[in-house]
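Student: The primary structure of each chain is shown beneath.
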Amino acid sequence: MRGAQRSAAAVLGLLALACANDGPIAQTSSNTSSESVGSESSDATTQTAETETETETDTSTDEGEPIPEQIERSVQVLLDGVPLEGAIVIQGGTGVVVHTDADGRALALIDTTIQGALVLMASDERARTRAHVILVDDDSELVFELESIEPGDNEEYLFNPAGVPENMGTTAECGHCHQAFKDQWHASPHRRSASNPVVHDIYAGVASALADQGACEAAGGQWWMGVVPGSDQLAPRCYIGAGTLPDLNENCGELDACDGVATSFGACADCHAPAIDGVVGGRDLHDAVGTSFEGGVHCDLCHKVESIDLDAPAGVAGRLQLHRPVEVSPSPSVGPWKPLAFGPYADVPNPRMGASPRKHFLTAEFCSGCHQHDQAALVPGTSLDPTRWPDGVFPAHSTYEEWRAGPFFEIAPCSSCHMPADPSLGNGADLTADKLAMQGVALGWLRPPGATRQHTWVGPRTPASGMLQLAAAIFIDKSLVDTTLTTQVTVRNAGAGHAIPTGEPLRSLVLFVQARCGDDVLTAIDGDVIPEFGGWLDRKPSPEDWSVWPGAAIGDVVRVVTVDGWHDYEGFGPFGDGSFDVTQKGLPRLRVVGQSQVISVNGDQVGFDAPLPAGDVAYRGREGYFEAGAPLAAAAVAGAPGFGFARVLADEAGAQMVPHHRAVDVVSDNRIMPQQEWTSTHVFSASCQDPVVDAVLVHRAYPVALVRERGWDDAQQVMVEVSK
Amino acid sequence: MKRWAVGLVGLGAVLVLGSAGCSDAGAGAGVAGSGTDTGTGGQTGTETTSSSETAADTETGDPADLPGEQPRPELQSPAEAEDLDPDPNAVRVSLTAAPLAFEIGGEMVQGWAYNGQVPGPTIRVKRGDTLTVEFHNGLDTDTTVHWHGLRVPFAMDGVTWQGQAVGPGQDFEYSFVVDQAGTYWYHPHVDTDRQVDLGLYGVIVAEDPADPVPDRELVVVFDSWNEFSFDSDDESDHHGLDGAVIEWTANGLIDPVFPAAAGERIRVRAVNVANAGYVALSWPQMRHIGGGQGVLSDLREPASVVLVPSDRMDGEWLVGDGFDVIGLPYSLLGAPAVDEERRLFEVEVDTPGPGPAPLDYPFDGAEPTPDPGWTDVLYVFHGDPHTGYWTINGELFPDVTIETMPLGEWGIVELRNVSQSAHPFHLHGHAFEVLSIDGVPPEVRRVEDTLDVAPYSIVRIGVLADNPGDWMAHCHILPHVDGGMMTVLRVE
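So the protein sequences, as listed, match chains A and B. Each residue of the first sequence is one higher than the one before, counting from 28 in our numbering. Each residue of the second sequence is one higher than the one before, counting from 6 in our numbering.
By construction, these hints were calculated from the structure, which means they are not laboratory data. Do not take every clue at face value.
Said to hold, decoys possible - Between beta-carbon pairs, the in silico distance windows are:
1. A:V745 / B:T374: 22 to 28 angstroms
2. A:D239 / B:T392: 53 to 59 angstroms
3. A:P490 / B:V449: 29 to 35 angstroms
4. A:V745 / B:E345: 40 to 46 angstroms
5. B:P307 / A:D461: 20 to 26 angstroms
Unchecked claim - Where chain A lies over chain B, by a calculated footprint (3+ residues, C-beta under 8 angstroms):
6. 332-338
7. 387-395
All residues carry an ideal CB built from backbone N, CA and C; glycine is no exception.
Chain A on its own, in the form it takes in the complex (with noise of 0.2 angstroms):
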């Protein structure tokens, strides 16, 4: 039975316990703090505070004699010693609160029937939270005695590091204690935000995967000295293509890298690499190295944001208010700062982390530090179209203001999807069911299922959590007249919150379609098809040669189509709330026209398998998803039959799908809101009297061009796949 009798209660002082593993102390204070849980009042008539040592307290009115079940304690608190009205009484382990009145006083009913400590805490966003060990048989008043948190960031402040699986550490990680969480963190792209060579890639413009110097200029490159990333050493990199650094500072990049020179950063750090120690915001991503290089977005770093400014720019310094402690610490052994962590919860009293409730750590708002980026030009000589973008910024990334114009707005905040509850853990410490008598200040309270989620933000970063799957639907209507086999194949956003896709604009979603007899493709004769976004190696617009195609190869195949007005659709923002025309959406109406393959070369003549039709534009590419037996590559497919959904963004030149440093414009947006939906036709030659119709949604996190030219292991992922 539950709530057995605590007529000997054990009240353990657990933080040895849950600490027995200390290593060498950074910032951390030690195990032997008692300011925390024991009592600094010297009112003679306040409780005498337990210690946090491993010492066992007979909390019995007398051996063997059962005490009651619930009992009352007067309590007050003070802030910096003066009564502080509205402060949170909780009892650790029952949820169950009390608020102080005006004279910071509130009567706190205590369960002692809960297994592990009785402790009552006392919490305020103004301090750290505090706790006592409750004497049951000691009914004289608590008195806590919180101090303000001083206001400040600290940049003398050095972020302690999370840990790394595997390796218990010690308490100067916050994975001592947090193993889960910080597992799952580790294998998050959070822990990678800084580090992730695609990112350092774009930024300084490099092909990394382009290793050597042959293979370098071979490609376009330029084998210059530069900065290798996370470190502060010089190596030879290939530097090709668009760069954040090369693009936004106009000393460098002509004749060599703009590694250690560049002056602007376009604001990259602020997000990717947050924890850079000292100054915040503004940072070089070069900067990172270390923790904030390998541990990116960290558990010390969220937990030092202490409020969110919406009207400030994303990333730290603007949306996140960080704030590092500046209080002194007490002892040297606790290391240089007085420990303070913002968090979730009010009833977390662990000296070793001076925690402060902060109710932002579960809305969207804090997700919106990072994801909702509204991007002016930054190249110089650049500007945006005051007609398209009156506020001087376009939506860069735009996951937060998605969500707040969808259906879950108020409904499903980001962690709803992102953040798993994790029932084998009673706790973030790791309390689980062999240490339920255990739990206390150190190892934290058994909270309700569904209260210690999952560090893991789980989405298209983490293919096992088949959140794309869950993301979208396909649906398959089909009619067939005489031999004009007419599909309608509707994409539905039927899982996330926000577009599909989101974040990142490089990334779009492609749709395949294809009709069959048994085993005979159709020929698509009218439909839609994939937009230029989907990607071409070569793209001719009539009435241009389609004889010539300098550099294809046997395999190729040449998509024709006809540009019949413009799609019209409901996207975000201006796309979708009547500011612009269906002009100004910007996504062409593409139709299927027909296609061949190339089958002989000889030098920029092709020949083809059929002769191709006339039509107004002509694509040259790969094989499709169907054709080429379901590569995982992305492949140059546009103009095949299909569709696609992308925020398109355009540089000063025109170019298209860049990445938004370079962006001046986008172009469209046709990605597909919260429960929203799409439909595409597709009309084929049939065959036979029952045909086939597939269609195969994918997920690309790159476009085709970019991937080619920085040599990105680019693995697609397949959403959906149906047939009917």
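Once you've looked at the hints, dock chain B against the given chain A.
Tutor: The following block gives chain B in isolation, referenced to the frame of chain A:
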């Protein structure tokens, strides 16, 4: 039971109140009436006996487990409703919903009850019978009776979508043919979270003449109480899911004793009527013979069976020695939880002996229907315990998009859960076949009316849309229904 079900009128203080954030010593599960084997009953609430009065044996069990060292109560099936119709192919019962003060865990609570007992009277029919229920609303508010799991005509379904509730003091006659066999239950479908919580539920046993006859049956209704129910705006919010169960009752009793004799073959019909709690049942040599829609396609012998809210299971006990029926810690996350096991009740055998041979239940071993791959109707679940809102396809009931399935056609419904809570999906008016769970088809044909959709999973079901109407489709975690997680599937 949660915070609305209050009103203590006495105090026995047997049950240790949990430490959750609500003080809801509510109603919802009282002491069952007697009459396990008689087949008739209709005892009134004023005749229900307290735990101490029904205790049969105080000499067994671990004294440390005795709540307050009181004699442990005896578990009996709820009293059955009296059949008022002499026609052997028809069953007519009288059912009245009215307030009732009853005892739970030693505390007297003000709840509601059918025919003065909680659980309500068990209605026993056989497949093919016409069941007529003369219902009287003795409450001061609207109510209805929904026949959970039975394929009834839409007008008899007890919902107020395009229908009327039964007003205070009003009568309504429900009548339909029961063309199914198995264990079902009935409950209101108005203000369901509250009305079920207050005690309005009962069991329907639909016998199949093809089934072998056990020595006796035990109908046991599990209910949870003292759930966590945090206010999302409260600093006490531990960000958990509502409905984390603190205590379970079996026919209104905490940890009772069920006396049995060695050699008995007992069919136990278990129903989880909890608003939100999952109960993972476990006992030695479990023989799982029946589910939500009658006898299974094959015998299952798992270590435990999880009953989601509204779920049923039939088990076969081949009694040799006594054993404990255990509730394993399980959460609304659709997974084992961090907690302790608890004994739900004890099967007590005075003189152990060899267990009997099993009965020959008609397991047909049917193969599952292949999944054609496409989807006709898609329901996606979202929501969050902090906000208290739970949606299907981003919509909050009653502002929903009605999906339609053509009458007489087999359709594919896909269920996706993009939330951290599991959602037991219940479809009215139809049973459905499970085609796959996360892409894996069941080993044998599996037919349900309620199916748990675990967080982040995709479940595909096949529905033969053979019953015209606007059928409610919803999560059976009732606070989630309150939070909007209900829609309408039209069959026409």
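Student: Tell me the hint numbers this structure goes against, listed in increasing order.
Tutor: none
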